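Mapping to this note's numbering: the first sequence position 427 is 443, numbers consecutive.
If you're looking for bench data, these hints aren't it; they were derived computationally from the structure. Keep in mind it's a predicted model, so treat the numbers as computed, not measured. Glycine included, each C-beta is placed from N, C-alpha and C at the ideal position. Treat the hints with care, since some could be wrong.
As the list claims (entries may be wrong) - Straight-line distance between alpha carbons at most 30 Å, and here's what the computed DSBU-like set of lysine-lysine pairs gives: (1) LYS425 - LYS512; (2) LYS324 - LYS667; (3) LYS377 - LYS401; (4) LYS425 - LYS401; (5) LYS512 - LYS82; (6) LYS191 - LYS377; (7) LYS377 - LYS82; (8) LYS401 - LYS82; (9) LYS464 - LYS512; (10) LYS329 - LYS311; (11) LYS512 - LYS377; (12) LYS311 - LYS667; (13) LYS318 - LYS329; (14) LYS318 - LYS82; (15) LYS311 - LYS324; (16) LYS531 - LYS401; (17) LYS377 - LYS464; (18) LYS636 - LYS82; (19) LYS329 - LYS512; (20) LYS191 - LYS164; (21) LYS67 - LYS82; (22) LYS594 - LYS401.
What the hints assert, rightly or not - Simulated restraints, written as ranges between beta carbons of each label pair: (23) ALA22 - GLU99: 16 to 26 Å; (24) LYS461 - ARG180: 42 to 52 Å; (25) PRO251 - HIS170: 25 to 35 Å; (26) ASP252 - ALA195: 32 to 42 Å; (27) GLY68 - ARG354: 24 to 34 Å; (28) PRO511 - ALA370: 36 to 46 Å; (29) GLY68 - ALA181: 30 to 40 Å; (30) ASP133 - PRO599: 30 to 40 Å; (31) ARG180 - ALA470: 56 to 66 Å; (32) ALA370 - GLU655: 10 to 20 Å.
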Amino acid sequence: MADLPAYLEPLNPEQLAAVTHEGRSLLILAGAGSGKTRVITTKIAWLIREKGYEPESILAVTFTNKAAREMAERARSIESRCERTMIRTFHSFGAWFLRRNAAALGLRSDFAIYDDDDQATLVKAMEGDGQLRDAQTLARAVSRAKDKAMAPDHPELEREFTERAFRRRYAEYEKRLRATGNVDFGDLILLPARALEADEALRRRFRQRFRVILVDEYQDTNVAQYELLRALAGPDTYVCVVGDDDQSIYRFRGAEIRNILSFPEIFPGTEVVRLTRNYRSHQAILDVAGSVVAKNSGRLGKDLVAVKEGGPKPTVAVLADADEEAPYCSRVAERRARSGGSWSDVAILYRNNAQSLAFEKFFARRGIPYRIVGSVRFYEREEVKDVLAWLQLASNPRDEVAFRRVVNKPSRGIGDTSLDCIVEAATETTGDLVAAAEAARDTLKSAKTRNGVAAFVAMARGFSELLGSGAPSLAPGADPFDPAGDSPRLDSSLPKLSVVVERVAKDSGLVEYHKAQDAVAATQKVANIDELVNAAADWPANREGLAAFLETIELDRRMADADEASDAVTLITMHNTKGLEFPCVIVTGLEQGLFPREDDSGEDLEEQRRLFYVAATRAKDELHLVCCRRRLYRGRPMENPPSIFLGEIGKGLYDTVGGALHAGALSAAAGPWKPGLAVYHDDHGSGFVTAVKPAGEAGVVVSVRFETGRVLQFFPKYTSKLEILGKGQGGSWTSC
DNA sequence: GTCGCTTCCTTTTTT
DNA sequence: AGGAAGCGAC
Numbered sequence: 017m018a019d020l021p022a023y024l025e026p027l028n029p030e031q032l033a034a035v036t037h038e039g040r041s042l043l044i045l046a047g048a049g050s051g052k053t054r055v056i057t058t059k060i061a062w063l064i065r066e067k068g069y070e071p072e073s074i075l076a077v078t079f080t081n082k083a084a085r086e087m088a089e090r091a092r093s094i095e096s097r098c099e100r101t102m103i104r105t106f107h108s109f110g111a112w113f114l115r116r117n118a119a120a121l122g123l124r125s126d127f128a129i130y131d132d133d134d135q136a137t138l139v140k141a142m143e144g145d146g147q148l149r150d151a152q153t154l155a156r157a158v159s160r161a162k163d164k165a166m167a168p169d170h171p172e173l174e175r176e177f178t179e180r181a182f183r184r185r186y187a188e189y190e191k192r193l194r195a196t197g198n199v200d201f202g203d204l205i206l207l208p209a210r211a212l213e214a215d216e217a218l219r220r221r222f223r224q225r226f227r228v229i230l231v232d233e234y235q236d237t238n239v240a241q242y243e244l245l246r247a248l249a250g251p252d253t254y255v256c257v258v259g260d261d262d263q264s265i266y267r268f269r270g271a272e273i274r275n276i277l278s279f280p281e282i283f284p285g286t287e288v289v290r291l292t293r294n295y296r297s298h299q300a301i302l303d304v305a306g307s308v309v310a311k312n313s314g315r316l317g318k319d320l321v322a323v324k325e326g327g328p329k330p331t332v333a334v335l336a337d338a339d340e341e342a343p344y345c346s347r348v349a350e351r352r353a354r355s356g357g358s359w360s361d362v363a364i365l366y367r368n369n370a371q372s373l374a375f376e377k378f379f380a381r382r383g384i385p386y387r388i389v390g391s392v393r394f395y396e397r398e399e400v401k402d403v404l405a406w407l408q409l410a411s412n413p414r415d416e417v418a419f420r421r422v423v424n425k426p427s428r429g430i431g432d433t434s435l436d437c438i439v440e441a442a443t444e445t446t447g448d449l450v451a452a453a454e455a456a457r458d459t460l461k462s463a464k465t466r467n468g469v470a471a472f473v474a475m476a477r478g479f480s481e482l483l484g485s486g487a488p489s490l491a492p493g494a495d496p497f498d499p500a501g502d503s504p505r506l507d508s509s510l511p512k513l514s515v516v517v518e519r520v521a522k523d524s525g526l527v528e529y530h531k532a533q534d535a536v537a538a539t540q541k542v543a544n545i546d547e548l549v550n551a552a553a554d555w556p557a558n559r560e561g562l563a564a565f566l567e568t569i570e571l572d573r574r575m576a577d578a579d580e581a582s583d584a585v586t587l588i589t590m591h592n593t594k595g596l597e598f599p600c601v602i603v604t605g606l607e608q609g610l611f612p613r614e615d616d617s618g619e620d621l622e623e624q625r626r627l628f629y630v631a632a633t634r635a636k637d638e639l640h641l642v643c644c645r646r647r648l649y650r651g652r653p654m655e656n657p658p659s660i661f662l663g664e665i666g667k668g669l670y671d672t673v674g675g676a677l678h679a680g681a682l683s684a685a686a687g688p689w690k691p692g693l694a695v696y697h698d699d700h701g702s703g704f705v706t707a708v709k710p711a712g713e714a715g716v717v718v719s720v721r722f723e724t725g726r727v728l729q730f731f732p733k734y735t736s737k738l739e740i741l742g743k744g745q746g747g748s749w750t751s752c
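Generate coordinates for the entire structure from the input sequences, incorporating the hints supplied.
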């Protein structure tokens, strides 16, 4: 093909086939590192350039905001007209859809989006006496039901969900939620799907608008998302989905792997293109990852072939205690940095966020720069949510969740009794909680409560006035929520929303309140509120600006990663690494009980294997696996055997680290450490040294038996907590 | 109604 | 370890 346009030239034959496929539907099975994003973005460009599609008629859906941003950027760099293509997350698309059709669906166009926390608050409020944990459980079940596209009247509902009186409570929740005029995350998918199914004219409109639909990470779609796709896709819509059944890791959140497995039957005439050339990792890494996931049944099955042959064998280290995990990882990182690499080459992966703490502490002490991806959910912090709740209430006085959050914070003497009384009054009238509070004021008994309510009402009114009056006006044709359209982003002539946020934070008493908390607990709550104020500077100080600001926050809960460019080791959960790659990856905590968890079996176990696969295939050059025999779990020390996944790796595919621990004599690196020394450890108390062994770059590893009877190992080079007391008596008290 | 203390129990993973 | 429920004191 001599006349292939330049932008198609970098593609391999399978990628090219995927990009230039025409027909009705296409399933791209894209293995890890096979250039999937390149294919999607190039395909968008190709459709516009060669096939004459209007950019606006193409919809591309992703799972994360980060993926959407990246995709938009890359598509635009190939073809500038891609700027006008709608590239969004499923949820952001749903929100856009609902805002455009809010009136017809009985929603406010400036509805807020409730997160898990808010859902639980609503459940707790409606059940009154219930416990928060019960409420959380129910809220989670409701979310799962919505993932499965099951309404409260679904005949199979109670077969699937065994929570007490689930049908009734789910229905009640829905009623309560609708009364606020807001939606939850599940609604963002389910309501558009139902609206399209129910309304033929609407369906026709959207099918006319979107002629092409591309879905990324299709293996992680749930039933509701599938139904939304089906409703959007008419007989003439070109549907292209991309995914990898081996990378389906969101079952717990309702992902339905059958969506991808059965796609060709659902969309007859589907062509399947497999991308199995891996451009990311050395073959040695793919062999390890592949040998584990090969143990899964029920996969389409494919073998990745690395373009980069060979490479260093991955390593497996079995450490005695989780105390040694961070030192071990830091040695790997330091070695990488010393041999010409940089800190940012290295990523440390773990199963759950709590595991990051040990790394943070150790790295801070060692002076190794690090950044944590994802765990800091800025917008879910108490103080931030407090201020946001005031803003939501100012925008919508029927927002019961926001109302409950701030009505008595800081405390104004309005307790549960008065609160319930106000909410009930609101329910019986217009639902306006501020108005109900005002009306209820005179019926309340204590003067303190009456004053509190009066103060609260005055604040709420004041904040509402700061935003100007009336609901946001949606000019015909204008779409304030469409980043491609006229956005409400700041026009320099308007006052900034940050001014409003700051006033709200101060005048509500929240800043004072959290300042006091900071003083007691040495937290950073006021600083976080300041950050929130700064974040609002990009929007104008009116209702449209506020609604857009809130939506940005609600759909993208993490602050932009502070400085992605900075040279630092990445700390990240395995789930969060999807779509990322690093030259050097360390997968930690490979222990039975942690990864996989003890109760993982069947489908769950298979999903964990896929998670291992995702984690391992993030590595370009180096892959290190770490297992700790002992680890504190929920405050208790646990002895764990190595993860079964380690046993599933083909023999000879990896090198074992730590052999040196058992061989050789003491080296000079031993320094002052000798068996029999009496020592003191900050956390474990006093004990004595039972053994000293060489440990390569780490110097020596010192085994200590403590008075408690525990035997632990330490690298004196990396811990300052272990201190020599003097020549001990080698266990004189152990006989006691 | 509010505050602080003790006891109990446990989320992996996220839009 | 950390957060929520439960309880008692003011």
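Can you give the numbers of the hints that this structure goes against, from lowest to highest? Violated hints (numbers, rising): 6, 9, 11, 17, 19, 24, 27, 29 and 31; every other hint is consistent with the structure.
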